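Trainee: Chains as they are written, first to last, in our numbering: chain A, 1 to 203; chain B, 1 to 259.
Among the hints, erroneous ones may be present.
Claimed, not checked - The list that follows gives simulated cross-link-like pairs (lysine-lysine, DSS-like), each with its CA atoms no further than 27 Å apart:
1. B/K47 x A/K179
2. B/K31 x A/K179
3. B/K54 x A/K164
Stated by the list, open to error - Okay, the calculated beta carbon distance ranges per label pair:
4. A/R88 x B/P62: 42 to 52 Å
5. A/S65 x B/H58: 49 to 59 Å
6. B/R68 x A/E140: 32 to 42 Å
7. B/N64 x A/P89: 30 to 40 Å
8. B/N64 x A/D39: 13 to 23 Å
Keep in mind the hints are simulated off the structure, nothing from the lab.
The structure presented is a predicted model; accordingly, all values stated were derived computationally and were not measured.
Cβ coordinates follow ideal geometry from the N, Cα and C atoms, glycine included.
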Amino acid sequence: MDELALVHAALQGDLDAFNRLVLAYQDMAFNVSYRMLSDEDAAEDVTQTAFISAYRHLADFRGGSFKAWVMRMVTNACYDELRRRQRRPTVPLTPYDPDEEEEMESPAWLADDSPSPEEQVSAAELDRAVQHCLQELPDEFRVVAVMVDVEGMDYQEVAVVIGKPLGTIKSRLARARLKLRDCLQGFWELLPAKFRLSGEGQP
Amino acid sequence: MKTQITNREWQQLSDFLDARLSPREQADLEKRLADRADLRVCLEDLKQTRAVLKAAPHRRAPRNFTLRPEMAPARRKLWRGWVPTFSFASIAATFVAGVMLLGQFLPMASQAPMMASAPEAATKELSEPTPMIITWGNPSPVGMGMGGGGGPETSPGLSDGKMPVPTPVTPPTLLPAIPNQPDSPPDAVAPHTIEDNSGGGLILGLPAEAEQGQVITADPLPRDAEADHQSGGWQPWVTAGAFGLAILFAVLALRFRRR
């Protein structure tokens with residue numbers, strides 16, 4: 001897929017060309033949004049907003065990595081949503097029970113060809129632990145950890161995404177990993193055996 | 001086993017995991033890893049942490065986020081097309097305001113010594129009676145020292161009323177210069193060859209032919225200064241207006257840029 005050609009076509013008004021780019025990056029965009037916001041509905045809204053914003057500002061794309069550029073839109077949309085939450089925090093009308101919601105609404109229980117229930121439980125526990133610990137991080141650390149360790153993005157791309165120098169990325173990533181390690185040790189019993197930490201090496 | 005490793009070592013371990021160390025730093029860290037068990041434990045913890053994060057389930061997009069034509073903003077170019085215009089206008093207005101501001105202050109700075117003494121001089125001048133100087137086209141009055149003597153002798157307050165006064169006396173500040181006295185025949189005065197180098201010779205010397213019979217008064221406010229004084233009134237307004245426009249255009253540019 002020639003991204004630059006698709007961008008050029010989109011600039012000429014070819015919406016289908018832009019939608020091909022959307023399809024290529026929507027999973028990553030949604031996953032980053034979800035890891036940042038810890039809310040699927042909000043992540044969905046933010047992802048859609050980010051792609052609309054990307055289309056509007058496509059003329060500002062000056063080449064380079066389109067993935068980094070579009071993920072910057074996603075990150076900025078996530079920051080906007082986090083700021084909005086800080087300004088107007090919302091409280092659910094009914095007490096939130098993650099366990100109950102998981103059992104009642106998870107479509108994974110209905111699938112036949114999915115992994116075994118034990119594996120699903122294990123994956124769900126891992127996901128919950130990771131998400132919990134990611135939420136404990138400051139926003140600027142979380143975005144770096146999600147992009148590098150969860151999404152496997154390159155340092156340079158992340159530097160472009162958040163507009164910080166490479167040294168800042170390295171520093172934030174190291175501190176994020178340190179905090180995550182400390183946090184994940186609290187979920188030691190819940191993690192799969194292969195991921196269990198030593199529990200030693202406290203700084 | 002409790003360990004104490006520095007933040008710098010943590011960052012080196014993190015960079016080491018991603019192969020981001022220089023060969024020299026890597027060799028140095030490997031040497032320390034071989035020597036210190038606490039560093040090795042921490043490195044293993046970091047490896048596990050990274051593995052946990054990588055193993056976290058990836059959420060797939062619950063739906064397609066492709067744009068429909070009605071979702072594609074058609075007004076983008078319209079709004080954004082104004083951004084350069086407003087940006088340029090803001091810069092231009094700032095420049096104009098800056099030039100106006102400099103124009104107001106720079107002449108003041110260069111003329112500051114003169115202007116500093118000007119109010120005192122003006123006050124002193126106003127406190128004293130403005131001498132009225134009358135030049136006579138006829139031979140000097142008898143007993144008046146050939147036209148000399150200055151203002152006090154010819155001022156209305158000291159005049160005994162018997163002296164011929166060629167022109168009515170009005171307050172000096174309101175009296176315009178009278179070009180010529182029609183009733184004073186210029187040919188009645190013999191041409192003089194005396195050259196007065198003192199700037200007109202109005203008091204002691206004989207006036208020039210064209211100046212005979214004129215009432216000369218000191219103009220308290222020269223025409224140019226008055227014009228400058230009057231013209232200086234609009235400069236602050238223009239400067240303030242330019243600054244206001246600069247701010248307005250900058251706000252508009254920023255606003256349309258965000259759309």
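Trainee: Could you run down the list of hints and mark each one as holding or not?
Mentor: Hint check:
{"no.": "1", "hint": "B/K47 x A/K179", "in the structure": "holds (14 Å)"}
{"no.": "2", "hint": "B/K31 x A/K179", "in the structure": "holds (26 Å)"}
{"no.": "3", "hint": "B/K54 x A/K164", "in the structure": "holds (23 Å)"}
{"no.": "4", "hint": "A/R88 x B/P62: 42 to 52 Å", "in the structure": "violated (25 Å)"}
{"no.": "5", "hint": "A/S65 x B/H58: 49 to 59 Å", "in the structure": "violated (20 Å)"}
{"no.": "6", "hint": "B/R68 x A/E140: 32 to 42 Å", "in the structure": "holds (34 Å)"}
{"no.": "7", "hint": "B/N64 x A/P89: 30 to 40 Å", "in the structure": "holds (31 Å)"}
{"no.": "8", "hint": "B/N64 x A/D39: 13 to 23 Å", "in the structure": "holds (20 Å)"}
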